[in-house]
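There are 2 protein chains.
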Amino acid sequence: MPKIVDRDARRAELAGALWRVVYRDGAAAATVRSVAAEAGWSPGALRHYFTTQTELLAFAMEHVIDQATARFEARTWTGPVPEVVRQMLEEVLPLDRQRAREAEVWLLLAARTRTDPAAGTLMRRADDGVRRASDLAVRALAAHGSVAPGRDPALETARLHALLDGLTLHALLHPDLMPPERARAVLADHLDGLRHERPD
Amino acid sequence: MPKIVDRDARRAELAGALWRVVYRDGAAAATVRSVAAEAGWSPGALRHYFTTQTELLAFAMEHVIDQATARFEARTWTGPVPEVVRQMLEEVLPLDRQRAREAEVWLLLAARTRTDPAAGTLMRRADDGVRRASDLAVRALAAHGSVAPGRDPALETARLHALLDGLTLHALLHPDLMPPERARAVLADHLDGLRHERPD
Numbered sequence: 001m002p003k004i005v006d007r008d009a010r011r012a013e014l015a016g017a018l019w020r021v022v023y024r025d026g027a028a029a030a031t032v033r034s035v036a037a038e039a040g041w042s043p044g045a046l047r048h049y050f051t052t053q054t055e056l057l058a059f060a061m062e063h064v065i066d067q068a069t070a071r072f073e074a075r076t077w078t079g080p081v082p083e084v085v086r087q088m089l090e091e092v093l094p095l096d097r098q099r100a101r102e103a104e105v106w107l108l109l110a111a112r113t114r115t116d117p118a119a120g121t122l123m124r125r126a127d128d129g130v131r132r133a134s135d136l137a138v139r140a141l142a143a144h145g146s147v148a149p150g151r152d153p154a155l156e157t158a159r160l161h162a163l164l165d166g167l168t169l170h171a172l173l174h175p176d177l178m179p180p181e182r183a184r185a186v187l188a189d190h191l192d193g194l195r196h197e198r199p200d
Numbered sequence: 201m202p203k204i205v206d207r208d209a210r211r212a213e214l215a216g217a218l219w220r221v222v223y224r225d226g227a228a229a230a231t232v233r234s235v236a237a238e239a240g241w242s243p244g245a246l247r248h249y250f251t252t253q254t255e256l257l258a259f260a261m262e263h264v265i266d267q268a269t270a271r272f273e274a275r276t277w278t279g280p281v282p283e284v285v286r287q288m289l290e291e292v293l294p295l296d297r298q299r300a301r302e303a304e305v306w307l308l309l310a311a312r313t314r315t316d317p318a319a320g321t322l323m324r325r326a327d328d329g330v331r332r333a334s335d336l337a338v339r340a341l342a343a344h345g346s347v348a349p350g351r352d353p354a355l356e357t358a359r360l361h362a363l364l365d366g367l368t369l370h371a372l373l374h375p376d377l378m379p380p381e382r383a384r385a386v387l388a389d390h391l392d393g394l395r396h397e398r399p400d
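Residue numbers (the working numbering), protein chains in the order written: chain Z, 1 to 200; chain C, 201 to 400.
Bear in mind the hints are in silico, worked out from the structure with no lab data behind them.
Warning: the hint list may mix true and false statements.
Claimed, not checked - To be clear about the criterion: a stretch of chain Z counts as covered by chain C if any three or more of its residues have a C-beta under 8 Å from a C-beta of chain C, and this derived list gives those stretches:
| no. | region |
| --- | --- |
| 1 | 41 to 50 |
| 2 | 179 to 191 |
Claimed, not checked - Cβ pair distances, simulated, as ranges:
| no. | chain 1 | residue 1 | chain 2 | residue 2 | range |
| --- | --- | --- | --- | --- | --- |
| 3 | Z | Ala29 | C | Ala229 | 19 to 27 Å |
| 4 | C | Gly216 | Z | Arg184 | 31 to 39 Å |
| 5 | Z | Glu83 | C | Arg395 | 40 to 48 Å |
| 6 | Z | Leu136 | C | Ala342 | 53 to 61 Å |
| 7 | C | Ile265 | Z | Thr78 | 47 to 55 Å |
| 8 | Z | Thr31 | C | Arg395 | 26 to 34 Å |
| 9 | Z | Ala70 | C | Ala270 | 28 to 36 Å |
| 10 | Z | Gly145 | C | Pro349 | 19 to 27 Å |
| 11 | Z | Ala185 | C | Ala342 | 16 to 24 Å |
| 12 | C | Gln287 | Z | Arg7 | 50 to 58 Å |
| 13 | Z | Leu136 | C | Ala348 | 26 to 34 Å |
| 14 | Z | Leu136 | C | Leu336 | 14 to 22 Å |
| 15 | Z | Arg184 | C | Ala318 | 40 to 48 Å |
| 16 | C | Asp266 | Z | Ala29 | 27 to 35 Å |
As the list claims (entries may be wrong) - Partner residues are not named here, just some residues of chain Z that face chain C (Cβ under 10 Å, in silico):
| no. | residue |
| --- | --- |
| 17 | Val32 |
| 18 | Pro149 |
| 19 | Pro153 |
| 20 | Ala158 |
For glycine and all other residues, C-beta sits at the position ideal for the given N, C-alpha and C.
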């Protein structure tokens, strides 16, 4: 089935061009026109694959989800559970330039979910990934005895997920107020705090 | 100075039309064309005031900041400090339709800060407001004895602010997973948790 192989190869080529634009000029700069130019295609040829910027961003987000999943699965985690959990969650924060660009794509898609169902579907998948990571973190800490017994795991998952997304937003929009070391400190502090019983 | 009065009156008229569009059709629907139609103006006449959708959103955000400030100042807060703090912070969460629309404007502007300096300036003002509210909350709780003495107030302010923005995002994007009562419960739980000493 050479046509399918062709299409996959072309998508990989486009993904490369798309991310070169995103890394160089930011996610907002990734338009049908600029990505076509980067790939050495005509805008018309690119429109065979993508007609809107949202479709490009959705494609970029898919790539982020795949990359992040592969990164998680390839990495060997060693050390005490609380330490591993902390490192795992740091992976979803925009603590370096690559992840900041990924977070830009996420934010642009988030802003489009109201008007574009394709953006909504991808956002859902991306957010479900971070929610599952939060859930896994709370469970792992609980199994390790690092979550006070009176806590509601579902509430703690929701709280951790909200914190991670808030930190992502602030690291992206206000890097002067939320540099990487601050985001790390806030996350570490939050995870430590799970060890305490709730107040009466 | 009749010209200035005129301009103010016209801006108020436009703000009314703008927010009618936002409430009815969502923030993304507020374009120069749709707002002009709602106000009964020609798009050309509206462009005398606003040329891009970002400028419209920035104007809408200014209105949100003014409204929220007025709402805070007009309200009489009574009750125990932790209760007042909780209610005050609930004001910044999108727990009803009006505040959800305001949060939509915020999210759309957030996504544009990279490409539009006007969006960046307004976002900064809006976010500074929520950061100040978080700071005030931590200080008020500390003065009341509801923050454990070993806590770092700046870190707790950053953590609370990130949580509030994360909850805002989730209430907006995933209302099935983060309905108003859940957002309230997560916030209440977070504030209660400040009473505990940090772990060793």
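Hints versus structure:
Coverage of the region 41 to 50 of chain Z by chain C is violated. Counting CB-CB distances below 8 Å, 0 residues qualify, and the rule asks for three or more. Three residues within the 8 Å Cβ limit are the bar, and the region 179 to 191 of chain Z against chain C gives 5, so the coverage statement holds. About 25 Å separates the C-beta atoms of Z/Ala29 and C/Ala229, a value consistent with the hinted range of 19 to 27 Å. Take C/Gly216 and Z/Arg184: their Cβ atoms lie about 46 Å apart, and the range 31 to 39 Å is violated.
About 26 Å separates the C-beta atoms of Z/Glu83 and C/Arg395, a value inconsistent with the hinted range of 40 to 48 Å. Take Z/Leu136 and C/Ala342: their Cβ atoms lie about 34 Å apart, and the range 53 to 61 Å is violated. Range check, C/Ile265 to Z/Thr78: about 48 Å between beta-carbon atoms, so the 47 to 55 Å window is met. Distance hint check for Z/Thr31 and C/Arg395: the Cβ-Cβ separation is about 50 Å, which falls outside the suggested range of 26 to 34 Å.
Taking 28 to 36 Å as the suggested C-beta distance range, the pair Z/Ala70 and C/Ala270 does not conform, at roughly 50 Å. Taking the beta carbon of each, Z/Gly145 and C/Pro349 are about 26 Å apart, inside 19 to 27 Å as hinted. In this structure the supplied range 16 to 24 Å holds for Z/Ala185 paired with C/Ala342, their Cβ-Cβ distance being about 19 Å. In this structure, C/Gln287 and Z/Arg7 meet the distance hint of 50 to 58 Å, their C-beta atoms being roughly 56 Å apart.
Judged by the Cβ atoms, the range 26 to 34 Å given for Z/Leu136 and C/Ala348 holds: they are separated by roughly 28 Å. At roughly 35 Å, the beta carbons of Z/Leu136 and C/Leu336 sit outside the given window of 14 to 22 Å. Between Z/Arg184 and C/Ala318 the beta carbons are some 32 Å apart, a value that contradicts the proposed interval 40 to 48 Å. Separation of C/Asp266 from Z/Ala29 is about 33 Å and conforms to the stated range, judged on CB atoms against 27 to 35 Å.
With 10 Å as the threshold, the beta carbon of Z/Val32 stays out of range of chain C, its nearest partner Cβ sitting at about 16 Å, so the hint is violated. A cut of 10 Å between beta carbons decides the hint on Z/Pro149: the least distance to chain C is about 15 Å, and the hint is violated. At its closest, the beta carbon of Z/Pro153 sits 12 Å from a beta carbon of chain C; the interface hint therefore is violated under the 10 Å criterion. Interface hint at Z/Ala158: satisfied, since its Cβ lies 5 Å from the closest Cβ of chain C, which is below the 10 Å cut-off.
In summary, the numbered hints that this structure violates are 1, 4, 5, 6, 8, 9, 14, 15, 17, 18 and 19.
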